[in-house]
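Q: Sequence:
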Amino acid sequence: MLDAKFLRSEIETAAALLKKRGYDLDVAQLTALEEQRKELQVRTERLQNERNVRSKSIGQAKARGEDIQPLLAEVGQLGSDLDAAKAELAELQGQLQALSLEVPNLPHESVPEGKDEDENVELHTWGEIPSFDFEVKDHVDLGEGAQGLDFKNAVKISGSRFIVMKGQIARLHRALAQFMLDTHTQEHGYQELYVPYLVNADSLYGTGQLPKFGEDLFHTQPATEEGVGMSLIPTAEVPVTNMLRDTIVDEAELPIRMTAHTPCFRSEAGSYGRDTRGLIRQHQFDKVEMVQVVHPEKSYDALEEMRQHAENILQKLGLPYRVVTLCTGDMGFGATKTYDLEVWLPAQDTYREISSVSNCEAFQARRMQARFRAAGAKKPELLHTLNGSGLAVGRTLVAILENYQQEDGSVVIPEALRPYMGGVEKIG
RNA sequence: GGAGGGGUGGCAGAGUGGUCGAAUGCACCGGUCUUGAAAACCGGCGUGGGUUAAUAGCUCACCGAGAGUUCAAAUCUCUCCCCCUCCGCCA
Numbered sequence: 001m002l003d004a005k006f007l008r009s010e011i012e013t014a015a016a017l018l019k020k021r022g023y024d025l026d027v028a029q030l031t032a033l034e035e036q037r038k039e040l041q042v043r044t045e046r047l048q049n050e051r052n053v054r055s056k057s058i059g060q061a062k063a064r065g066e067d068i069q070p071l072l073a074e075v076g077q078l079g080s081d082l083d084a085a086k087a088e089l090a091e092l093q094g095q096l097q098a099l100s101l102e103v104p105n106l107p108h109e110s111v112p113e114g115k116d117e118d119e120n121v122e123l124h125t126w127g128e129i130p131s132f133d134f135e136v137k138d139h140v141d142l143g144e145g146a147q148g149l150d151f152k153n154a155v156k157i158s159g160s161r162f163i164v165m166k167g168q169i170a171r172l173h174r175a176l177a178q179f180m181l182d183t184h185t186q187e188h189g190y191q192e193l194y195v196p197y198l199v200n201a202d203s204l205y206g207t208g209q210l211p212k213f214g215e216d217l218f219h220t221q222p223a224t225e226e227g228v229g230m231s232l233i234p235t236a237e238v239p240v241t242n243m244l245r246d247t248i249v250d251e252a253e254l255p256i257r258m259t260a261h262t263p264c265f266r267s268e269a270g271s272y273g274r275d276t277r278g279l280i281r282q283h284q285f286d287k288v289e290m291v292q293v294v295h296p297e298k299s300y301d302a303l304e305e306m307r308q309h310a311e312n313i314l315q316k317l318g319l320p321y322r323v324v325t326l327c328t329g330d331m332g333f334g335a336t337k338t339y340d341l342e343v344w345l346p347a348q349d350t351y352r353e354i355s356s357v358s359n360c361e362a363f364q365a366r367r368m369q370a371r372f373r374a375a376g377a378k379k380p381e382l383l384h385t386l387n388g389s390g391l392a393v394g395r396t397l398v399a400i401l402e403n404y405q406q407e408d409g410s411v412v413i414p415e416a417l418r419p420y421m422g423g424v425e426k427i428g
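Number 6 in my numbering belongs to position 6 of the first sequence; there are no gaps in the numbering.
Everything labelled a hint here was simulated from the structure, so no lab data went into it. Glycine included, every Cβ here is placed at the ideal spot set by N, Cα and C. Wrong hints could be hidden among the right ones.
To be verified - Pair ranges (Cβ atoms, derived): (1) I157 x E381: 31 to 39 Å; (2) S131 x Q29: 16 to 24 Å; (3) P70 x E102: 44 to 52 Å; (4) D24 x Q284: 34 to 42 Å; (5) G59 x P296: 25 to 33 Å; (6) E381 x S131: 49 to 57 Å; (7) T31 x V53: 31 to 39 Å.
As the list claims (entries may be wrong) - The list that follows gives simulated cross-link-like pairs (lysine to aspartate or glutamate, DMTMM-like), each with its CA atoms no further than 25 Å apart: (8) K38 x D67; (9) K115 x D246; (10) K166 x D141; (11) K19 x E117; (12) K62 x E50; (13) K38 x E66; (14) K166 x D202; (15) K379 x E253; (16) K20 x E10; (17) K212 x D246; (18) K156 x D216; (19) K20 x D138; (20) K115 x D138; (21) K5 x E91; (22) K20 x E297; (23) K166 x D133; (24) K166 x E407; (25) K379 x D3; (26) K212 x D202; (27) K5 x E45.
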């Protein structure tokens, strides 16, 4: 959510910036509604004030033992005028609120302008793209060959876009998550969190999944007819960032760095034909997430830092990758700036996204009223929130299988993971 | 699942439907006193919105959430949520 005052006073600036990311702000509609709102709110509050004053004087008159009948008669019309104005105002504010919840964040000035992923800008690459003197297999063949990836049973049990992992592959998957968590907690200064996988609607509004992207989520049945059901998290960003919802922290506590390993659930509505083979796009996948909550002046430093934290994981695993800065048209709803890390997948002969690191500035903080109080300051200020994958575990597994594959179909375990694999050097 | 008790400012804890945004204590921040500190004393001390150049004034809202009764609700009514105690069940 953008700052309401900013949106009002500099709507043309906002519209121009949003245009860069392909979002058309309805300036005329907003301006008209805002004009009505202002007039109506001032009028309503004036009526409210009048009623408060009169009610108070009725109380005082009664306390003095005076006849209050004439005073009551005077207030009669006021009440219904006030009720009408209040109802109208609530309706109008509801409309404005609904509109503002659907407006995406403004891109940072350093973000390259472009309309889609083709215009993302490569920042740098790391690692050697491996060359094989045999025909490379993809992770599906490798995994099935090793009796570790069981797509058949997953389909039977749940359906497409699910996986059953077995044996050494399951262990490798677990090892990856452990390794990532340990690296973030021991080397990067994050606190490990275990969080709920089912969240309420307030949390989803807080991080911006709602109201606009409800169809991307799995929702549980409401407990009662009017009740609100809970939803499965599409990313740990939701529960972790919402830790700060409705709180005011001391400036001295900043920055707050949190990490969590969770499954993520995505409906993938609208991506029917894409990545149907393999582990790349699943309804359920594990991810280790990093979240930072920082002083507004530090958020761009934190963004670079988090990108490095994610890169460190790939480097320790020896996986070649590249970093791209997403262009204005390819960024997510709440981000002002995003880096994607893309890992090399030999079987696809291309780089695929394995991490996304974003600064949301105050966009989420404003929705969830996450604030801090500067030492000695009177008013609390909004925090900045950042989130990044560190990394998507399933896709990392894919990258390991494919990049470390041997001619006989076995897979060498990267050094960094061996302690987590009981010293095993090779699987399959 | 059954029975009972509760949700008020950072914490503790008052609050007969009317002058309550809310007593009091603690904590915290200024100040006086003191060589310094403590104590004592004086003062301050919530959040969001609107208006506005204003983080000045004025104003509206907020006592778990929502709805209702009333000229007027922290206080009365209803619904929901959460917490606590006991019993049952359970990983």
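Q: Hints the structure violates: just list their numbers, smallest first.
A: The structure conflicts with hints 1, 2, 5, 8, 9, 13, 14, 19, 20, 23, although it agrees with all the remaining ones.
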